[in-house]
Amino acid sequence: MTTTLYTSDHEWLAIEGDVATVGITDYAQQQLGDVVFVELPKLGRVLKKAEAAAVVESVKAASDVYAPVTGEVLETNAALAAEPALVNTDAQGAAWFFKIKIADKSELGGLMDEAAYKAHTA
Amino acid sequence: MLAPDQDSLKRTPLHDLHVSLGGKMVPFAGYDMPVQYPAGVLKEHLHTRTSAGLFDVSHMGQIALRPKSGKVEDAARALERLVPQDIVAIAPGRQRYAQFTNADGGILDDLMVANFGDHLFLVVNAACKAEDEAHLRAHLSDDCVIDSLADRALVAVQGPKAESALAKFCAEAPAMKFMDAGPHKVAGLDCFVSRSGYTGEDGFEISVPAADAERLAKTLLENPDVLPIGLGARDSLRLEAGLCLYGHDIDTATTPVEAALEWSVQKSRRIGGARAGGFPGAEKILAHFDQGAGRRRVGLRAEGRAPVREGALLFADATSAAPIGTVTSGGFGPSLNAPVAMGYVPTALGALGTSLFAEVRGQRLPLTVAAMPFVKNTYKR
Numbered sequence: 590m591t592t593t594l595y596t597s598d599h600e601w602l603a604i605e606g607d608v609a610t611v612g613i614t615d616y617a618q619q620q621l622g623d624v625v626f627v628e629l630p631k632l633g634r635v636l637k638k639a640e641a642a643a644v645v646e647s648v649k650a651a652s653d654v655y656a657p658v659t660g661e662v663l664e665t666n667a668a669l670a671a672e673p674a675l676v677n678t679d680a681q682g683a684a685w686f687f688k689i690k691i692a693d694k695s696e697l698g699g700l701m702d703e704a705a706y707k708a709h710t711a
Numbered sequence: 105m106l107a108p109d110q111d112s113l114k115r116t117p118l119h120d121l122h123v124s125l126g127g128k129m130v131p132f133a134g135y136d137m138p139v140q141y142p143a144g145v146l147k148e149h150l151h152t153r154t155s156a157g158l159f160d161v162s163h164m165g166q167i168a169l170r171p172k173s174g175k176v177e178d179a180a181r182a183l184e185r186l187v188p189q190d191i192v193a194i195a196p197g198r199q200r201y202a203q204f205t206n207a208d209g210g211i212l213d214d215l216m217v218a219n220f221g222d223h224l225f226l227v228v229n230a231a232c233k234a235e236d237e238a239h240l241r242a243h244l245s246d247d248c249v250i251d252s253l254a255d256r257a258l259v260a261v262q263g264p265k266a267e268s269a270l271a272k273f274c275a276e277a278p279a280m281k282f283m284d285a286g287p288h289k290v291a292g293l294d295c296f297v298s299r300s301g302y303t304g305e306d307g308f309e310i311s312v313p314a315a316d317a318e319r320l321a322k323t324l325l326e327n328p329d330v331l332p333i334g335l336g337a338r339d340s341l342r343l344e345a346g347l348c349l350y351g352h353d354i355d356t357a358t359t360p361v362e363a364a365l366e367w368s369v370q371k372s373r374r375i376g377g378a379r380a381g382g383f384p385g386a387e388k389i390l391a392h393f394d395q396g397a398g399r400r401r402v403g404l405r406a407e408g409r410a411p412v413r414e415g416a417l418l419f420a421d422a423t424s425a426a427p428i429g430t431v432t433s434g435g436f437g438p439s440l441n442a443p444v445a446m447g448y449v450p451t452a453l454g455a456l457g458t459s460l461f462a463e464v465r466g467q468r469l470p471l472t473v474a475a476m477p478f479v480k481n482t483y484k485r
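Same order as they appear, the protein sequences are chains A and B. Its first residue numbered 590, the first sequence is counted upward by one per residue in our numbering. Its first residue numbered 105, the second sequence is counted upward by one per residue in our numbering.
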């Protein structure tokens, strides 16, 4: 059973058990434009909620991606190094950024479900 | 400073067209301008390099310098008091790149100067145009009437198919060479056409009466080879072409020699030339020609894929604490599929092939001083 939640900074989290797969939303990739480079966190790094975890760069500008929850980075998406444009073509699928082990599930309380996120970006 | 609110932004005569084409509008130099269209920066950039792009550059200033004597040479001599270029030698129907300099040898603005036979035609940067005009009025009013052509729009058509796109509407266009410039009819409209641009590609810039601008742009866009291009791709194209952006790569604190623009200062204005000196900051600029400048604008290529952007500090090695320079423009070059940048470094570290480092998000990324343009230009000489 996967639950998908969203942050106000336009990240999505697909949560299975105590692991969240994190990426940026389709709305975010549209705002960024053509993505040419993605910098991912190091494996094993313990991210604090709201700290800069990854960087996504378009032709024009660099944008930070923040850790939506506190936890250890378990896996990063190697496909993004070879093909950053995946973020534009499949932001909420193949272009996931990293998997994080959720340290404190209570942090999920402040996140939005799909309907709330849709209202947030409307 | 307050952020400019949308209502106070000026609009070019093509504003409605940008909106109807789906342009994403952003504030730029006081104007509401399209940063990109639905195609996006990457496609717009690559389309310009392989086909043709149409750019609205109407925010730039267009100024006619009309000699009171009726002789264009008098306007040229007068303008030489403000720029280190040989303006007298610009033949009728030709154009040249120039800079307004200040008393310290810095650059107040860069501009194009064309000889239209009985007057000079200047194109200056949007952000500087009011100051440029005041500067011209303050220094040249005895010799020239300074005529601000605010009722004209400016459209650029750039890329390998620019010539064929324009030829249908301007029979003289194909015969023009790089930096030819003059009044021509385009689609029956009274235009000034120059074979030049800001992309490194062959192409044209067309000054058109504001009232006719939308008609001209729509006519050119009927050609499927021609796509509208926003400011985002304009910047990545000029960066790959190694061309300076005023306020970033050149400013009041950089001399033309530091900026690696020696090629733009003709021998006649240098020491030993027929009209050496006689422009603001001549002492410092000519000293830089004679003895060299301490720092220099250079091209930079990164080893990795991470773009190195404006403001990144440069270092001589991976560990030293003191920066040796700064990146003044940088980003991703879509045609190279790699990051490109330019910046200022001590002249001793400016030789091609020199290894340097840029600090990006706390990491030192290796860079190499590289020749510019990064992408070979295709001017029709």
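Fair warning: there could be bad hints in the mix.
Residues on chain B that point at chain A, a partial pick, calculated with CB under 7 Å [unchecked claim]:
1. A143
2. A410
3. G415
4. F436
What the hints contain is simulated information worked out from the structure, not anything from laboratory work. Keep in mind the model is a prediction, meaning the values are calculated, not measured. All C-beta atoms, glycine included, are put in the ideal place defined by N, C-alpha and C.
List of violated hint numbers, smallest to largest: 1 and 3
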